[in-house]
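Undergrad: Chains as they are written, first to last, in my numbering: chain A, 1 to 391; chain B, 1 to 257.
To be clear, the hints were calculated from the coordinates, so they are not data collected in a lab.
Source: prediction; values computed, not measured.
Please note: incorrect hints may appear among the correct ones.
Here are some chain B residues pointing at chain A (derived, C-beta under 10 Å) [stated by the list, open to error]:
hint: 1; residue: Ile69
hint: 2; residue: Pro156
hint: 3; residue: Val179
Heads up, the beta-carbon is just placed ideally off N, CA and C, and yes, glycines get one too.
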Amino acid sequence: MTSQMGDPGQLGHFGSFGGQFVPEPLMPACIELEAAFRDAWSDPAFVDEYRSILRDYGGRPTPLTYCKRLSEELGIELWLKREDLAHTGSHKINNVIGQALLTKRMGKKRMIAETGAGQHGVASATAAALLGLECVVYMGEVDTVRQVLNVFRMELLGARVVPVTSGSRTLKDAVNEAMRTWVAEVDTTHYCLGSVMGPHPFPWMVREFQRIVGDEAFGQCNQAFGVPDYVVACVGGGSNAAGMFAGFVDSTAKLVGVEAAGGAAISAGSPGVLHGMRSQLIQDDMGQIQEAHSISAGLDYPGIGPEHAHLAEIGRAEYVSAHDQEVLDALQRLASREGIIPALESAHALAWVLRAAGKEIPAGSRVVINLSGRGDKDVAQVLSILKGESA
Amino acid sequence: MSAPDLATTLAAAKASGRKILIPYVMAGMTDDWIEVIHAAFAAGADAVEVGLPFSDPIIDGEVIQRAAIASLDRGTTAPSVLAQLAAEVFAGPIVVMTYFNVISHLGIERFCGLAKEAGVTGAIIADLSLEEIGPWANVGDAAGIATVMLVAPSTPVSRTKLIAERSRGFVYAVARMGVTGVRSELGGDMESVVGKIKEASTLPVCVGIGVSSPEQATSVAAVADGVIVGSALVQRLLDGQGPQGAAEFIASLRQAI
Ligand SMILES: Cc1ncc(COP(=O)(O)O)c(C=O)c1O
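Based on the provided sequences and hints, a complete structural model is requested.
TA: The following block contains the structure:
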């Protein structure tokens with residue numbers, strides 16, 4: 001049987017979504033990249049190097065942790081896939097190691113990347129340092145101010161951070177600017193996109209580099225108890241969710257993606273074309289793209305990866321959303337009950353589980369959350385919000 | 001209510017040996033944008049490229065980005081632009097330039113209907129690749145809207161042939177790898193891109209992206225059938241030079257080719 005998250009073909013269509021909507025100067029690069037990835041991903045030596053680095057350097061496999069106290073409180077069995085324990089503190093490392101290796105394989109010496117909160121930027125700078133590549137990260141000017149420490153981290157790692165002053169000066173504009181730069185430098189430079197979005201082959205390639213999360217988790221669940229009833233992940237562009245879902249999509253597990261309420265492309269969006277892909281987008285009635293707003297910069301993207309739009313359309317996965325306040329509550333609850341401070345992004349997945357346990361999620365269900373990252377980057381922000389609340 | 005047909009007009013220009021001049025104007029950027037189009041034709045433009053603004057223009061540099069934001073801030077929409085065009089009689093053809101979401105969100109059929117009523121006979125859709133052109137192509141053709149396709153320095157010869165075959169009206173030769181913007185030098189790719197297209201097609205070949213001055217227009221006209229000038233004109237309009245300033249600049253380009 002072919003997988004429900006399989007090879008989307010040479011044109012990269014997931015049902016009516018995906019594709020390659022880029023200006024002609026970039027099309028040859030997309031075609032070259034698709035061929036290079038196809039070739040590399042079927043080359044055991046490449047896959048072996050990718051897996052070895054993620055094991056010896058990245059800290060994989062990450063554990064599957066049972067949450068005893070929260071499970072008792074909620075009346076469900078709650079498990080966490082611990083991507084917060086991967087090097088650089090999130091799942092983003094899986095993708096960048098893959099793309100950095102591919103960059104070298106294509107004979108390029110330079111990577112550019114976009115970043116919102118800075119996690120993908122930090123991961124890209126890390127992979128570039130490890131593999132001896134030059135790295136430039138585009139970051140909305142607003143985000144460079146909000147995430148000063150991550151800017152400094154990237155610089156420590158040897159990357160150059162370019163503040164983007166166009167448009168809304170946030171993640172979507174950082175993607176625009178990275179694409180504009182890529183046009184001019186495509187001969188020497190790979191664009192290391194940070195999520196399962198953009199033109200084909202990115203949504204497919206990034207999902208494949210992230211599926212190590214789902215494949216590991218599937219095996220770990222099997223060992224521990226079998227197939228879970230629910231697999232839950234937060235969704236910005238959708239890379240941690242796609243990687244996680246890929247391991248379970250052909251099983252009986254229900255798949256749930258949790259978007260930020262202020263950037264819910266599936267429930268509040270409509271089909272459209274942005275950043276090289278056809279997907280669900282938050283846009284006005286004239287097709288102008290809107291800004292997403294939430295407590296977590298990493299989910300502030302007005303679109304979603306095209307494969308998620310497809311999984312929603314065929315009903316294989318369900319997409320829900322969580323509000324800032326319940327996300328803050330979820331972060332504090334996981335910290336105080338289990339001793340784990342999640343990233344605000346990942347706390348969205350937990351927030352939905354906290355709300356749905358005993359309701360949409362029947363009592364006694366086995367639920368696995370992909371804890372995509374740790375919350376160290378967010379504690380200053382959380383502190384200032386909580387202080388403001390009590391003041 | 002009307003404007004001449006793009007494909008017919010440009011084919012005739014090419015046949016007569018007249019070099020084609022296509023200035024770019026951002027629709028709705030200022031109150032007098034329609035006047036600018038009339039002034040452009042009067043100053044020697046063979047066609048005018050009318051930009052329909054999009055929030056995320058990934059092939060556009062700073063100048064056209066600013067123009068798009070200015071226009072959107074004034075409430076410009078594709079239907080409002082097409083309605084304004086429909087009320088005019090132009091001396092030359094109108095080709096719209098936009099991004100696919102602006103069209104697909106309205107609906108391809110509906111867009112083509114409005115564009116046809118507006119007298120639009122050409123469309124440059126920056127992010128609509130050959131791979132994804134399917135749903136648009138036949139509807140555009142049926143509405144008499146010539147789909148102008150781009151060929152870039154990075155486009156291989158075999159692909160150039162396919163793109164040139166699918167292109168209508170003219171083929172847009174991208175002068176250099178980069179976004180739109182004012183450039184002091186054109187770079188060395190322009191001649192080879194034009195050469196590649198000429199091998200593959202008898203359509204007029206017009207060069208754009210980075211062509212900013214009369215001197216550059218002269219060197220483009222020496223190898224291609226026409227030149228497209230965007231950012232350099234839009235910058236003047238952003239600076240408040242209006243239809244008069246636009247006309248003077250376009251006349252200097254006309255002189256140069
Ligand atoms: C920890 C964490 N989780 C999730 C995301 C959202 O990205 P994606 O939806 O691609 O997993 C980010 C992005 O910055 C992140 O840092």
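Undergrad: Could you check the structure against the hints above and give me the numbers of any it violates, in ascending order?
TA: none
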